[in-house]
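Using the sequences and the accompanying hints, generate a full structural model.
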Amino acid sequence: MRFIGLRLARGLLTLWFAVTVTFFLVRLLPGDPVLAVADPNMTEELRQKLLADFGLDKPLAAQYLDYLGQLVQGNLGMSFRQSIPVTTVLMERLPWTLILTISAMVVTIALGIPLGVLAATRAKGWLDRVIQLTGVTAQSLFVPSVGILLMYVLGVWLGWFPIGGAVDLDATGLGATLSMLHHLVLPCLSLVFIQLGGYVLTMRTTLIEALGEDYVSLAKAKGVRRGKVVWKHALRNALLPTTTIAGLQLGTLVGGAVLTETIYAYPGIGRAIYEAVGQLDFPVLQGAFVLLAAAVVAANLITDVAYGILDPRVRTS
Amino acid sequence: MRRAVLLTALAVALTACAPSVPGSSGSSGSPGAQAPASADRLTIGTTADVVNYNPLVGNSRTDSWVTDLMYPKLTQMDATGKRIPYLATEWSYSEDGKTATAKLRDDMKWSDGKPVTASDVVFSVTAVQKEKFGVVAGLITALDEAEAVSPTEVRFKLSRPDGTFLDNVGFWLPVVPEDVFSKAPSVQKFANDKDWVSAGPFKLTKVERGQRYIMDRVDDFGPGKPTVKQVVFRVFPDVNTEVLALRNGEIDMIGNVLPPATATELKSDTAVKLQEIPSLGWAHLQYNTKRKPLDDVRVRQALAHAVDYEAIRNIALKGFAKSSNSSVLTPSLPQWTDQASKEYAFDPEQSKKLLAEAGQTNLRLGMIYDQADPNIARWAPMVRDAAKKAGITIELQGLERNTYLDKTTKRDFDIYAGSWAVMDNPPANLGLAFKSGGFINYAQVEDPKLDDLIDQAQRALTQEEAKPPIQEAARMIHDQVYDNVLYVETFNVAHSAKWTGFQPMPSELLSILNPLSLAAAKPAG
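As you go down the protein sequences, you meet chains A and B in turn. Letter by letter, the first sequence follows residues 1 to 317 of the working numbering. Letter by letter, the second sequence follows residues 318 to 842 of the working numbering.
Hints may be right or wrong, so weigh each one.
[As the list claims (entries may be wrong)] Here are some chain B residues pointing at chain A (derived, C-beta under 8 Å): (1) Asp366; (2) Asn371; (3) Lys506; (4) Phe507; (5) Ala508; (6) Gly527; (7) Gln667; (8) Thr720.
Don't read these hints as lab results, they were simulated from the structure. Ideal placement from N, C-alpha and C gives every residue a C-beta, glycine not left out.
So, in structure tokens, the structure goes:
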């Protein structure tokens, strides 16, 4: 219980830090939000009035305290540009980001573990080298490059997948679900591509290590089948570091989702952030960052707790 | 086996947590590249979402395109920028210029069945006047009071004669339903994000944020029933993706203006039609007259002679640009142009001579521009290279858009490179751009004679009366190089060859997406 409490306190501290950095960071952006809505007929008087309306005429410290006060009450403020609560803006977008990130994570793990096992069990063979090379290369790529490449090859040249959006206009029922999955393929694949290497390489290393352990030798000596030794005995122990990777990768995944959604006009939070930056819509930007930071903190907390359950030594350390 | 079950369960869970998907409209989808167009649906590509559904506040281009289809204005403009009837059938000023009157058509209805009346117009203009927001606020400073004389007649009482008032209000003020908007404590803060009551040719029926905006035809739209049943605005990440979608047959039209290079590429595509749209603005260089040595007119003239205008229009703009003869009265508004105006010749020797007269050697200046503007990013180096021939060093400062706007507003630059989008009424626009203290007077011009000429033009109640002083003002701006007009862009808008009947109007704002044009659009053949 104390372990969970400590992790929770650390999570909250991280979140506060993220909120504070975000608050000041968005205000360091050049220009003021009024300029983003400026039109040729705006006068200085109107500009000052807009600043007051946005609450930006107060000292920065007062704005910060106001914001924290509202935040603890669950109020993320009103969008400068849309005149609606930030919560509404984000909740419209959140399901799409969840679909994208969860599906990318599931596919990455589903591919990463078997590929890691394949490489480890054929260590130093040609297949191992190919998997390692591909893994390292994929890990080094920048998600927009992958996204654009996939869009042009699979979307434009081959015409297999739509080049943007999330679902067809006329699709209903099962057709809508299929259309949604069809639209999901390219953005999901882009994220899978850049993340897969991490899982594969970690899995490979830890499994090679596990395969050299005494209990594996014992199992082999007892005549247990090779497949069972790998998948039942060694893999279970080698999975622990992969749990950590899943937690750590979530930050990369969320960052990648922002870029992927922008490239594919996928209607998630990432696209909302992209639009809010251009419009200097501080409340939406802050709200989106807080939400994403909270998601990463929560995922890490869950990872920590899960790790503590899987390996009790962590709880006492 | 267990893994297969787990994956299946995950797929089911994923489907279950999916956001709501659109219902069937019963109409056919976007025509494929080979399928003939039907009048069921016209799909338009855009690169941004609607930010604000309140037309009095809305500010992005997509906001205007969508809300213009929902809320009428008193007037539209024809291809030459002249105002033509929309909600208003006629309009005039009293002899002393202190009263303006507009008569309205009586066959326009809000979607809740109530008629569009003079009270709605009065409410809309008064809300902007009281709360001082949006584009219109800065244009109605002469307004004392608006009143509904009858359901079809509005009277505006003005504090001073202002011949720009009706043009400005007619073109820029969206008329909103009083019954709906008056319930909001603040009209400016009213989001208007659901249960829309509108009176344009199309009504917004469904929004899928980040994806599309679906608008259905209004059968009893006063000026005439639109041909197409449904208009859909679909959101794309950028123009290049829109072009791919147009060629694939996923969309029927691209709302955004095409970059010149893309327009050139599309010219040979028989499945696509390009529509040329004149800009109501212009691209220009402005020199900060409050900074030395730019306060010296000879230095500004030297800079004007150090630009290769033809090269910029032919190379950077691929020929999709017209000369404005260095005048702020552009060929897009032919009723105002001054035929006597002549473009500054690209003459480095003349520049050198002028600089020598001004006692300038090794002149070094910075030039700010928005690096995301593809046109300016192309011609900025050309300006630098041409100036070098006259011995002037220009340091290019391509900036992120908000930084650029910030520097512009603070007048923190030597040379400003940019463009104005919609300058539809010279007496009103020149006031904002060149009168002392004008909000977009970036060059910080302070010239009492120029102020006086612009005031005279603004007081004039007819175009004929306003023309002489505004032409003289334009000549001063030309001679003093208060603005160095480079070109007036000819925009290209692309639509599928399967569609016809559009009614183009000037500017990217109106283009072929204006309400009367989309109401008239129909499948070709």
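- Item | chain A contact restraint for B:Ala508 - C-beta distance below 8 Å | holds (4 Å)
#### Entry: Interface hint compliance - B:Phe507 to chain A, C-beta minimum distance less than 8 Å
holds (7 Å)
Self-check item: Interface hint outcome for B:Asp366 [beta carbon to chain A under 8 Å]
Solution: holds (6 Å)
Hint check: 8 Å Cβ-Cβ cutoff, B:Gln667 to chain A: violated (33 Å)
Requested in this report: Against chain A, run the beta carbon of B:Thr720 and see if the smallest gap drops under 8 Å.
Outcome: holds (4 Å)
Practice prompt. Closer than 8 Å between Cβ atoms is the bar; does B:Gly527 clear it against chain A? Give me holds or violated.
Written response: Cβ of B:Gly527 sits 2 Å from chain A, so the hint holds.
Would you check whether B:Asn371 satisfies its interface hint, that is, whether its CB is within less than 8 Å of any CB in chain A?
For B:Asn371, the interface hint holds, since the closest Cβ of chain A sits about 7 Å away, which is under 8 Å.
Less than 8 Å between beta-carbons is the criterion; does B:Lys506 satisfy it with respect to chain A? holds (5 Å)
In this structure, the one hint that does not hold is number 7.
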